[in-house]
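Undergrad: Single-letter residue listing:
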Amino acid sequence: MSDPVFRLVPIDCGNAALVGDVFRTAYGDAFPVAYVYQADALLAEITQGRLAAALALDEENRAAGYVSMFKNAPNHNLWEAGNLVVVPAYKQTDVSSLLFAAYFNGVLSAGTTSDGLMGEAVCCHYFTQVGNIKAGASDVALELDQLDGPSFIGNRTGSARVSCVLGFLENSAPNSPIYMPALYAPILEKLLQPLQPRVVLRDAAPLPTTGTTRREERYYQSVQTWKFFVHSIGADWPDFADEIVAEAKRRGVVSLQIILNMACPQLDAAVQTLKSHGFFFGGIAPRWFGPDGLLMQQVLGQETEYEHIKLYSATAKEILAWIQAERAAMSAGTGS
Amino acid sequence: MSTIEKLREVILKMKKKNITAANLTPEARFLQDLSFDSQDQTEMLVLAEEAFGITVDFQEVKNMADIAAAVEYIDKKLSK
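Chains U and H, in that order, are what the protein sequence lines are. Under our numbering, the first residue of the first sequence is numbered 1, with each subsequent residue one higher. Under our numbering, the first residue of the second sequence is numbered 1, with each subsequent residue one higher.
One or more of the hints may lead you astray.
[What the hints assert, rightly or not] DEER-style ranges, computed between Cβ atoms:
| # | chain 1 | residue 1 | chain 2 | residue 2 | range |
| --- | --- | --- | --- | --- | --- |
| 1 | U | N15 | H | M14 | 45 to 53 Å |
| 2 | H | K80 | U | S97 | 43 to 51 Å |
| 3 | H | D57 | U | E243 | 49 to 57 Å |
| 4 | U | S151 | H | K80 | 39 to 47 Å |
| 5 | H | K76 | U | A325 | 56 to 64 Å |
[Said to hold, decoys possible] Straight-line alpha carbon distances no greater than 30 Å define the calculated DSSO-like cross-link-like pairs of lysine-lysine that follow:
| # | chain 1 | residue 1 | chain 2 | residue 2 |
| --- | --- | --- | --- | --- |
| 6 | U | K310 | H | K16 |
| 7 | H | K76 | U | K310 |
| 8 | U | K249 | H | K16 |
| 9 | H | K17 | U | K310 |
| 10 | H | K16 | H | K77 |
| 11 | U | K91 | H | K80 |
These are computed hints drawn from the structure, not numbers from a lab. A quick note: this is a predicted structure, and the numbers were derived from the prediction, not measured. Built from N, CA and C at the ideal position, the CB exists for glycine as well.
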């Protein structure tokens, strides 16, 4: 029997309804991105320039998988690669490689003229991580315990939560200077090394005495993950940290993440505040705001099962080692 | 330890259901006999990189069919 041959086709009004069918084969109706089940909403995302997507079809025009890039960051010139799904009946074919290649070979050409392409790879297997690295991306951050393990199809480790590693491929030169928090300078310098050169400032302004913190948030209730994107820091910063930690505990959030705009002169002081509230290092989210973002995070109500985290690159392993050392120091009361 | 013995250890480390050292003959086909999918194949190659100290070209091994082919590939890498 010969291997099936697949072709990738862009999503249009003639095939958009097939996308929901693809996701149902893998996730039932539980996939947390609602538009994948709604053809009209999916097409609207594409028309409005927030989504680029394709289906893999077999020789008989049956859908075998789906791949997409979407915009989630405050920087609307940054694409995120994600939501790649293979219909279970095609798991043993080469369709996953064909779908994955679409991120980098111009089939989803939206990504090629952007500031960069961010890819979130789950750490319960190596497939996506290897693909990112081999395509030239660099690992830049580790989102600890971000997804719910039992409900994540493809989690063969049996862990309660699944961590994700962020990979990044930069397409343009950054034009905003960033501030370097002294505490994380050793690891951040390494993470910045494979990216395009940046102007890095080492001044450290104190927390502001006026203004309010400007931020946006994404709450993923089904996976108990809550993310904040902080554009600028105000005098309310310590209160803001108090409030979100208390509210996260009330909601049963497991992964609480804050991405701080590294163009903020008060970055160093803001990091110290977060550390005093239990946050630890996550990595860098390049170009997240236009300027880069610094990921800080904490895991609530769960012990991280480090032994289940599968990491491919030496950089990702180094980020994890940093996180483990920082968390150990914080537990021992010696974290600075 | 021979390459095939070491590769067997690598595959057993993956703790995949229904795979024992006895299954891992040179003729065993990844897809049909061992029920490997692309995630399994990638995991085996990542673990092989660590175990053998080699760098795998994942494009080159895309169509690697069986254990014998994997052993041959690893031996070729080791001899370079």
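Undergrad: Which hints from the list above does the structure break, by number from lowest to highest?
TA: Violated hints (numbers, rising): 1, 2, 5, 8 and 11; every other hint is consistent with the structure.
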